[in-house]
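Given the sequences, and given the hints that come with them, work out the whole structure.
Residue numbers (my numbering), protein chains in the order written: chain W, 1 to 282; chain U, 1 to 282; chain R, 1 to 282.
It is possible that part of the hints are untrue.
To be verified - Here are some chain W residues the structure puts well away from chain R; computed CB gaps all over 10 Å:
1. V56
2. A64
3. G95
4. A104
5. G150
6. A183
7. G190
8. G208
9. P225
10. D226
11. T227
12. A249
13. S254
As the list claims (entries may be wrong) - Calculated Cβ distances over 10 Å to all of chain W for the following chain U residues:
14. R23
15. G74
16. A78
17. A94
18. G95
19. A120
20. A183
21. N197
22. V278
23. A279
Said to hold, decoys possible - From the structure, some residues in chain R lie toward chain U, with a derived Cβ separation under 8 Å:
24. A78
25. Y110
26. V154
27. R192
28. P201
29. L248
30. G251
31. P252
32. S254
If you are wondering where the hints come from, they were derived from the structure by calculation, not from laboratory data. Ideal Cβ positions, reconstructed from N, Cα and C, are used throughout, including at glycine.
Chain residues, written in single-letter form:
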Amino acid sequence: MPPPANEPTPASIGALLSDVRARTPLVHSITNLVVTNSTANALLALGASPAMVEGVEEVAEFAAIAGALVINLGTMDAGRAQAMRLAADAARAAGTPWILDPVAVGVLSYRSQVAVELLAFSPAVVRGNASEIIALARQAGAVQGGAASGGRGVDSTAPAEAALDAAKALAAALRCVVVVSGATDYVTDGLRTIGVNNGHPMMSRVTGLGCTATALIGACLAVTPDTLTACVAGMVFTGLAGEMAAELAPGPGSLQGGLIDALYLMDADLVTRRAHLVAPDV
Amino acid sequence: MPPPANEPTPASIGALLSDVRARTPLVHSITNLVVTNSTANALLALGASPAMVEGVEEVAEFAAIAGALVINLGTMDAGRAQAMRLAADAARAAGTPWILDPVAVGVLSYRSQVAVELLAFSPAVVRGNASEIIALARQAGAVQGGAASGGRGVDSTAPAEAALDAAKALAAALRCVVVVSGATDYVTDGLRTIGVNNGHPMMSRVTGLGCTATALIGACLAVTPDTLTACVAGMVFTGLAGEMAAELAPGPGSLQGGLIDALYLMDADLVTRRAHLVAPDV
Amino acid sequence: MPPPANEPTPASIGALLSDVRARTPLVHSITNLVVTNSTANALLALGASPAMVEGVEEVAEFAAIAGALVINLGTMDAGRAQAMRLAADAARAAGTPWILDPVAVGVLSYRSQVAVELLAFSPAVVRGNASEIIALARQAGAVQGGAASGGRGVDSTAPAEAALDAAKALAAALRCVVVVSGATDYVTDGLRTIGVNNGHPMMSRVTGLGCTATALIGACLAVTPDTLTACVAGMVFTGLAGEMAAELAPGPGSLQGGLIDALYLMDADLVTRRAHLVAPDV
Numbered sequence: 001m002p003p004p005a006n007e008p009t010p011a012s013i014g015a016l017l018s019d020v021r022a023r024t025p026l027v028h029s030i031t032n033l034v035v036t037n038s039t040a041n042a043l044l045a046l047g048a049s050p051a052m053v054e055g056v057e058e059v060a061e062f063a064a065i066a067g068a069l070v071i072n073l074g075t076m077d078a079g080r081a082q083a084m085r086l087a088a089d090a091a092r093a094a095g096t097p098w099i100l101d102p103v104a105v106g107v108l109s110y111r112s113q114v115a116v117e118l119l120a121f122s123p124a125v126v127r128g129n130a131s132e133i134i135a136l137a138r139q140a141g142a143v144q145g146g147a148a149s150g151g152r153g154v155d156s157t158a159p160a161e162a163a164l165d166a167a168k169a170l171a172a173a174l175r176c177v178v179v180v181s182g183a184t185d186y187v188t189d190g191l192r193t194i195g196v197n198n199g200h201p202m203m204s205r206v207t208g209l210g211c212t213a214t215a216l217i218g219a220c221l222a223v224t225p226d227t228l229t230a231c232v233a234g235m236v237f238t239g240l241a242g243e244m245a246a247e248l249a250p251g252p253g254s255l256q257g258g259l260i261d262a263l264y265l266m267d268a269d270l271v272t273r274r275a276h277l278v279a280p281d282v
Numbered sequence: 001m002p003p004p005a006n007e008p009t010p011a012s013i014g015a016l017l018s019d020v021r022a023r024t025p026l027v028h029s030i031t032n033l034v035v036t037n038s039t040a041n042a043l044l045a046l047g048a049s050p051a052m053v054e055g056v057e058e059v060a061e062f063a064a065i066a067g068a069l070v071i072n073l074g075t076m077d078a079g080r081a082q083a084m085r086l087a088a089d090a091a092r093a094a095g096t097p098w099i100l101d102p103v104a105v106g107v108l109s110y111r112s113q114v115a116v117e118l119l120a121f122s123p124a125v126v127r128g129n130a131s132e133i134i135a136l137a138r139q140a141g142a143v144q145g146g147a148a149s150g151g152r153g154v155d156s157t158a159p160a161e162a163a164l165d166a167a168k169a170l171a172a173a174l175r176c177v178v179v180v181s182g183a184t185d186y187v188t189d190g191l192r193t194i195g196v197n198n199g200h201p202m203m204s205r206v207t208g209l210g211c212t213a214t215a216l217i218g219a220c221l222a223v224t225p226d227t228l229t230a231c232v233a234g235m236v237f238t239g240l241a242g243e244m245a246a247e248l249a250p251g252p253g254s255l256q257g258g259l260i261d262a263l264y265l266m267d268a269d270l271v272t273r274r275a276h277l278v279a280p281d282v
Numbered sequence: 001m002p003p004p005a006n007e008p009t010p011a012s013i014g015a016l017l018s019d020v021r022a023r024t025p026l027v028h029s030i031t032n033l034v035v036t037n038s039t040a041n042a043l044l045a046l047g048a049s050p051a052m053v054e055g056v057e058e059v060a061e062f063a064a065i066a067g068a069l070v071i072n073l074g075t076m077d078a079g080r081a082q083a084m085r086l087a088a089d090a091a092r093a094a095g096t097p098w099i100l101d102p103v104a105v106g107v108l109s110y111r112s113q114v115a116v117e118l119l120a121f122s123p124a125v126v127r128g129n130a131s132e133i134i135a136l137a138r139q140a141g142a143v144q145g146g147a148a149s150g151g152r153g154v155d156s157t158a159p160a161e162a163a164l165d166a167a168k169a170l171a172a173a174l175r176c177v178v179v180v181s182g183a184t185d186y187v188t189d190g191l192r193t194i195g196v197n198n199g200h201p202m203m204s205r206v207t208g209l210g211c212t213a214t215a216l217i218g219a220c221l222a223v224t225p226d227t228l229t230a231c232v233a234g235m236v237f238t239g240l241a242g243e244m245a246a247e248l249a250p251g252p253g254s255l256q257g258g259l260i261d262a263l264y265l266m267d268a269d270l271v272t273r274r275a276h277l278v279a280p281d282v
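So, in structure tokens, the structure goes:
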């Protein structure tokens, strides 16, 4: 039996890579100070055109002409929060799809509050680790009480599976797609949930590969209205690039550059053969 | 027939590399958040001593003691604009040569206005892609009307050749040297124009190599009063390093590190043999 | 005769690496814009959990829960200075050990003043090059007059040995440990002084490896109350990783990634065999 319409498949994800390469979408990124360079290089290697425009004087103008907007809370202060509000507002007004990466939400009070504010601007996607998604779902009122979310710095203390209910509730409440990163990644719109089993354990020893995944989802959002497929594709591209790089890398220093090479070298055929989608057991 | 005095030659460019190594010039850089690390590493690999001093409290003090100043508009806000004004003003007062990289001017209104303001502080060099140079020449009143400059994010939508007239007019109006980057790079003081044919197509898939070229020109400005030769040298060093790295790199992740290795490994003899200068056809 | 209690030995430094891996300490870093990525990756490769939290709205909350705090003055302005004061104050109050890296103190007036202010918050460690330590000791009143400290940009103009007296005086005055980086690194608490002879000359051509050493000392401070051993360990890990990477790297671009690989690949046994501690001649 064929999958239902719009069900992401390895072939549709491979085709989406070709679309990104053909259209070189302009991806507006307001990301943290740690990953500006690696994020721009990942987007370039995939075939997109990144622009890191962050000043309050410029973000609204650029969000309106970009193909997609990426907002990442990794290094926050009041100035960056204001730039994010202005950009998200302009994106919503212009119909530019945007994705939120709530780094360390649940650990730090200020950014947790900013993240909830930003949800009012209707992100197409939220991507985080299990602790971040649990914390954000709670702060947004999508789920009630329960145990603490347990983030530790920028790392999750819970497996991705522990956040699946929170992810579905958050997706339903926001009418968006939520992605939980982990050994298996989960993508859900609240009704359908797809698992992605690409990736490699050494990836957790390179800073900001979650941020890279968020940015690559952004590139995909710019070329398709099918948000679920865009999210699955972004996770597959990142995980598969990590797998390919890990075959050659003695350590995380080599993995960082090798992952960029792999994004550049992968094509629709390779993605179709190696995308590893799974139906969640939960 | 020998070239006229001060005409850049492969041998004079090679000699300039040796001068940089011998004098390790202090290069003050106020650059964008994406390329701080790669710019510092490129300057170190070439043989210069980079310092990224950006605060309004510090830039004037440092610009006055540096050998050259690099100002790059890649990530702009009001605070950075003020630091750039103070630094450029101090550089002019102290006789420190400085170079402007007008990233995405013509695409974003705020930085376009800041760029024009900065021109009043007499840069020795302006280096950009074709769209940026066309836009800046127009904003500065050096050329009139004509078609839109057509920048798209940080990328040019025009070939370098399309910006040659604007570059010559801008150079003449500002009494500076203007560099237009592209498949062939052009360096002009308004009267003389030199083309540089070093480089590799994969370089466009690594973020910030235009910013690297700007910084390397800065290092050269610090060791010679011959601005035209300094500009040709910076473009040759960058393009040649890219060529050398591309011989070994499977993708842009490896190219980024390999280009730094190549800058470190090149010497006056190699530069003399491989610098590829051309007389423009236009 | 066995070394006195708490005297750092290759074996105790190797054991400390295992402790870092076992406890994955949370290292709060407020560092300069050039090295955010390389610092985070070095900490991850060693086995720590880095978090770059810099906003004035967030630093106090995070410094109180982190295992250690790293403050690096590489790119200063009033906003960052205030974040540093708040973080250092919260660290002192919470008993979080913290380390100061006074980049370019003695060259730039503003940061020299901020550095002296920060000393009031009782750092456990100060690490700098010879020019920085001489300048800071003078500014803090630990030593009097004498020749100028002679910093040039972010580089020292004096060998590490020239700063040994200043380092001992500063350590005694602040009741902290002072580390002077150089061809041989020196670690002193004012009474005892230990030299570290690991490292490779090519490391000076990669930006921010002093900042990396500071961050790795931070990771060690989070897992041991023995500050002297933590400092020696951080310098050994950095220098040894540089040695290992230099065996394979044709240039500094490869060295940067290779050093991260080496931090990931080293283990207690390797450290014990290759840590090169010396008794200072001076």
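Now the hints, each set against the structure:
1. V56: Per Cβ check, V56 (chain W) is outside 10 Å of chain R; nearest 14 Å; holds.
2. A64: A64 (chain W) is indeed farther than 10 Å from all Cβ atoms of chain R, at 27 Å.
3. G95: Its Cβ never comes within 10 Å of chain R, the nearest being 31 Å, so this holds.
4. A104: 7 Å, violated
5. G150: 13 Å, holds
6. A183: Answer for A183 (chain W): holds, closest chain R Cβ roughly 17 Å.
7. G190: 31 Å, holds
8. G208: 7 Å, violated
9. P225: Label holds. Min Cβ-Cβ 34 Å, cutoff 10 Å.
10. D226: Nearest chain R Cβ is 33 Å from D226 (chain W), so the label holds.
11. T227: Since the minimum Cβ distance to chain R is about 30 Å, T227 (chain W) lies beyond 10 Å and the statement holds.
12. A249: A249 (chain W) is in fact no farther than 10 Å from some Cβ atom of chain R, at 8 Å.
13. S254: Violated, because the least Cβ-Cβ distance between S254 (chain W) and chain R comes to about 5 Å, which does not exceed 10 Å.
14. R23: R23 (chain U) clear of chain W: closest Cβ-Cβ about 29 Å, beyond 10 Å.
15. G74: For G74 (chain U), whose nearest Cβ neighbour in chain W is about 7 Å away, the distance does not exceed 10 Å, so it is violated.
16. A78: The claim breaks: A78 (chain U) does not keep its Cβ more than 10 Å from every Cβ of chain W (closest is about 6 Å).
17. A94: 28 Å, holds
18. G95: 31 Å, holds
19. A120: 20 Å, holds
20. A183: 17 Å, holds
21. N197: 23 Å, holds
22. V278: Holds, because the least Cβ-Cβ distance between V278 (chain U) and chain W comes to about 28 Å, which exceeds 10 Å.
23. A279: 32 Å, holds
24. A78: For A78 (chain R), the interface hint holds, since the closest Cβ of chain U sits about 6 Å away, which is under 8 Å.
25. Y110: Result: holds, 4 Å to nearest chain U Cβ.
26. V154: 5 Å, holds
27. R192: Hint violated; R192 (chain R) Cβ to chain U Cβ min 34 Å, cut 8 Å.
28. P201: 12 Å, violated
29. L248: Check failed: Cβ of L248 (chain R) comes no nearer than 12 Å to chain U, outside 8 Å.
30. G251: Nearest chain U Cβ about 3 Å off; hint holds.
31. P252: 5 Å, holds
32. S254: It holds, given that the least Cβ distance between S254 (chain R) and chain U is near 5 Å, below 8 Å.
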